[in-house]
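Following the hints, position chains B and C against chain A.
Heads up: the protein sequence lines correspond to chains A, B and C, in order. Sequence positions in the first sequence follow the working numbering and run 1 to 201. Sequence positions in the second sequence follow the working numbering and run 1001 to 1201. Sequence positions in the third sequence follow the working numbering and run 2001 to 2201.
Note that these hints are calculated values from the structure, not bench results. Beta carbons: idealized from backbone N, C-alpha and C, even for Gly. Keep in mind that a hint or two might mislead.
What the hints assert, rightly or not - Calculated cross-link-like contacts (lysine to any residue; reagent style SDA-like; alpha-carbon spacing at most 20 Å):
1) C:Lys2021 / A:Asn136
2) B:Lys1021 / C:Thr2170
3) B:Lys1021 / C:Leu2175
4) B:Lys1021 / B:His1079
5) B:Lys1021 / A:Ile133
6) A:Lys21 / A:Phe53
7) C:Lys2021 / A:Ile196
8) C:Lys2021 / A:Gln88
9) C:Lys2021 / B:Ile1133
10) C:Lys2021 / A:Glu137
11) C:Lys2021 / A:Ala140
12) B:Lys1021 / B:Asn1136
13) B:Lys1021 / C:Ile2133
14) C:Lys2021 / A:Leu69
15) B:Lys1021 / C:Ala2140
Claimed, not checked - Listing some non-contacts, in silico: residues in chain B with all C-beta distances to chain C over 12 Å:
16) His1109
17) Ile1133
18) Val1134
19) Val1154
20) Leu1163
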Amino acid sequence: MAEGLATLAFALSGLLAAARKRLDAVGVVAVAGLAAFGGGTLRDLLLDRRPFFWVAHSDWLWALLGLCLLAMAFLRVRHLVVSLRAMQWPDAVGLGLFSASGTQLALAHDLPAIVAVLMGVITAVCGGVLRDIVCNEIPAAFHDHRPYALCAFVGGWVLVALLAFGVGETPALLLAAAVGTGLRLLALALDYELPIWRVTD
Amino acid sequence: MAEGLATLAFALSGLLAAARKRLDAVGVVAVAGLAAFGGGTLRDLLLDRRPFFWVAHSDWLWALLGLCLLAMAFLRVRHLVVSLRAMQWPDAVGLGLFSASGTQLALAHDLPAIVAVLMGVITAVCGGVLRDIVCNEIPAAFHDHRPYALCAFVGGWVLVALLAFGVGETPALLLAAAVGTGLRLLALALDYELPIWRVTD
Amino acid sequence: MAEGLATLAFALSGLLAAARKRLDAVGVVAVAGLAAFGGGTLRDLLLDRRPFFWVAHSDWLWALLGLCLLAMAFLRVRHLVVSLRAMQWPDAVGLGLFSASGTQLALAHDLPAIVAVLMGVITAVCGGVLRDIVCNEIPAAFHDHRPYALCAFVGGWVLVALLAFGVGETPALLLAAAVGTGLRLLALALDYELPIWRVTD
Chain A
1 MAEGLATLAF
11 ALSGLLAAAR
21 KRLDAVGVVA
31 VAGLAAFGGG
41 TLRDLLLDRR
51 PFFWVAHSDW
61 LWALLGLCLL
71 AMAFLRVRHL
81 VVSLRAMQWP
91 DAVGLGLFSA
101 SGTQLALAHD
111 LPAIVAVLMG
121 VITAVCGGVL
131 RDIVCNEIPA
141 AFHDHRPYAL
151 CAFVGGWVLV
161 ALLAFGVGET
171 PALLLAAAVG
181 TGLRLLALAL
191 DYELPIWRVT
201 D
Chain B
1001 MAEGLATLAF
1011 ALSGLLAAAR
1021 KRLDAVGVVA
1031 VAGLAAFGGG
1041 TLRDLLLDRR
1051 PFFWVAHSDW
1061 LWALLGLCLL
1071 AMAFLRVRHL
1081 VVSLRAMQWP
1091 DAVGLGLFSA
1101 SGTQLALAHD
1111 LPAIVAVLMG
1121 VITAVCGGVL
1131 RDIVCNEIPA
1141 AFHDHRPYAL
1151 CAFVGGWVLV
1161 ALLAFGVGET
1171 PALLLAAAVG
1181 TGLRLLALAL
1191 DYELPIWRVT
1201 D
Chain C
2001 MAEGLATLAF
2011 ALSGLLAAAR
2021 KRLDAVGVVA
2031 VAGLAAFGGG
2041 TLRDLLLDRR
2051 PFFWVAHSDW
2061 LWALLGLCLL
2071 AMAFLRVRHL
2081 VVSLRAMQWP
2091 DAVGLGLFSA
2101 SGTQLALAHD
2111 LPAIVAVLMG
2121 VITAVCGGVL
2131 RDIVCNEIPA
2141 AFHDHRPYAL
2151 CAFVGGWVLV
2161 ALLAFGVGET
2171 PALLLAAAVG
2181 TGLRLLALAL
2191 DYELPIWRVT
2201 D
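In isolation and in its complexed conformation, chain A is listed as follows (with noise of 0.2 Å):
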């Protein structure tokens, strides 16, 4: 459930990109694809683990795509930058649940610690980088200065310790989870920004 919804406010990321770029209905759906299922499948790819979620559930497949034709067929520029608004909640749920969820999948694959995070993190974010390489621009999650990356990263470490200390793997994983998120949601409600790299002299 809680994952449907996160996922879902992905999706609607790559739809507002796409329809902010002018894509067609073919790009639509591919960008809209791409954000909701491309960290995911980034992560199985450098862990090598079959089969990717949506060959597994192909039936989100076919929810991609009726939800690209109803979005195309219903909304406007206004309603999405709404929903992505409304959204943002299940997108700081899907960042918090993404990241703990791929660190714990790592950690099953008995890698490091730090990789298990980095995988992680992957799962979170790299469904919006790949969104924004094929819009043609520089990631946001490499550029906005808000922190997303790095509460996934926070979270990761999170479960790492919880895990460490003896805790089960469900509660460990939900608590993770819920300090990802709740960072996040911070963050905005604080408008807090990372620093910048002041290279200029």
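Coordinates of chains B and C only, in the frame set by chain A:
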């Protein structure tokens, strides 16, 4: 034979893109190679299928290198544009053929129909997508309102349907490829455009 | 030791690119990491070779993180430009070394010579290519008319030839790396440019 011509058409599209961006000799070879082999390689990576086409038949790498050197020695932009127009037919053949054969390959891996069709589309389309990303453009397949991926998508489904009705592998492949190719040529002949998403109010 | 300096040179090129594009702290780490580890990771992905370098030696991820934090704390653009010029030597060493070792790795997978050389080139060049794609630039390796991939290509073939003539693995690797590195330094010293494709009439 048909496959060779189609791959040549894809490579030529890469040559033209590289020439437009004034890439150097290395860039010309890289972009032509991505356009020619990128789609099939991405499909094989997603299917975890080895060896890649250009590993099993490494002569094709030599052929690509030779083609690029010949093109750089003898072609001018007007030749390229003419070649590319002359290549619309083999390009459409490649679209139909690669989407049908990609779908068939994925079905042989016991993947669900929608995933198999998606793999066919990736085979036919992603070479051009990677070419455009490297050239710092929004992929034409997502942007130019011409049905391209859509023809590959329909062709893939025709293959799935024919196999479900018990048609043999080879005739099903040829028929599905013919449908994908035919739709593309029809769309070009009729100057058909995909509906635009009118998101602005 | 040589490998470490070369990877440092690659990471610094990512730092400079990130600084030029005014990325935030997360983007700086991501782009430096792609530049340093992207080429080898792509090669391993294509060869289906696990674990990746940065999984087997995860200390390097910590080192990268530390380098980026130190750079952001202490470096200014003029320092970076100076460091990068000072890094032309280790960068050339990396070019020679990584192309030779990538070629050797691929040969150990029983791949044809042309494919093995291509893998060497990918190892040496694709980190920079991914860095430039994420920074929304046409890859410098395809665009700046400096021989870079070409030196890697020649170095790879030298390795193939030496092994074919029965030279031992280690001396062949060192000689091939020296040729790749030497060609690059020679090209820089002579200010040599690749021939341009004069496609306009």
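Against the structure, the hints come out as follows:
For the given pair, lysine 2021 of chain C sits about 14 Å from asparagine 136 of chain A by alpha-carbon distance, which is consistent with the 20 Å threshold. With a CA separation close to 41 Å, the supplied pair lysine 1021 of chain B and threonine 2170 of chain C exceeds the 20 Å bound. The hinted pair formed by lysine 1021 of chain B and leucine 2175 of chain C fails the criterion: a straight-line CA distance of about 36 Å is larger than 20 Å. For a cut-off of 20 Å, the pair hint linking lysine 1021 of chain B to histidine 1079 of chain B stands: about 16 Å separates their Cα positions.
About 18 Å separates the Cα atoms of lysine 1021 of chain B and isoleucine 133 of chain A, which keeps this hinted pair within 20 Å; it holds. Of the supplied pair hints, the one linking lysine 21 of chain A and phenylalanine 53 of chain A is violated, its CA atoms being roughly 28 Å apart against a limit of 20 Å. In summary, the hint linking lysine 2021 of chain C to isoleucine 196 of chain A is supported, as the alpha carbons are separated by about 12 Å, within the 20 Å threshold. Pair hint lysine 2021 of chain C plus glutamine 88 of chain A does not hold up; C-alpha atoms about 27 Å apart against a cutoff of 20 Å.
Only pairs whose Cα atoms come within 20 Å are accepted, and lysine 2021 of chain C paired with isoleucine 1133 of chain B is accepted, the gap being roughly 18 Å. Among the hinted pairs, lysine 2021 of chain C with glutamate 137 of chain A is consistent with the structure: their alpha-carbon atoms are about 12 Å apart, no more than 20 Å. For a cut-off of 20 Å, the pair hint linking lysine 2021 of chain C to alanine 140 of chain A stands: about 12 Å separates their Cα positions. Straight-line distance between C-alpha atoms of lysine 1021 of chain B and asparagine 1136 of chain B comes to about 9 Å, which keeps the hinted pair within the 20 Å bound.
For a cut-off of 20 Å, the pair hint linking lysine 1021 of chain B to isoleucine 2133 of chain C stands: about 15 Å separates their Cα positions. For the hint linking lysine 2021 of chain C to leucine 69 of chain A, the alpha-carbon distance of about 36 Å lies beyond 20 Å, and the restraint is violated. Annotation: proposed proximity of lysine 1021 of chain B to alanine 2140 of chain C holds, straight-line Cα distance about 12 Å (limit 20 Å). The beta carbon of histidine 1109 of chain B is kept farther than 12 Å from every beta carbon of chain C, the shortest such distance being approximately 16 Å.
Non-interface status of isoleucine 1133 of chain B relative to chain C is broken: a Cβ of that chain comes within 12 Å, the nearest being about 6 Å off. Separation of valine 1134 of chain B from chain C is inadequate, the least Cβ-Cβ distance of about 7 Å not exceeding the 12 Å criterion. Look at valine 1154 of chain B: its CB is around 31 Å from the nearest CB on chain C, clear of 12 Å, so calling it non-interface holds up. With a closest Cβ-Cβ approach of about 29 Å to chain C, leucine 1163 of chain B is found to remain outside the 12 Å limit, as its non-interface label requires.
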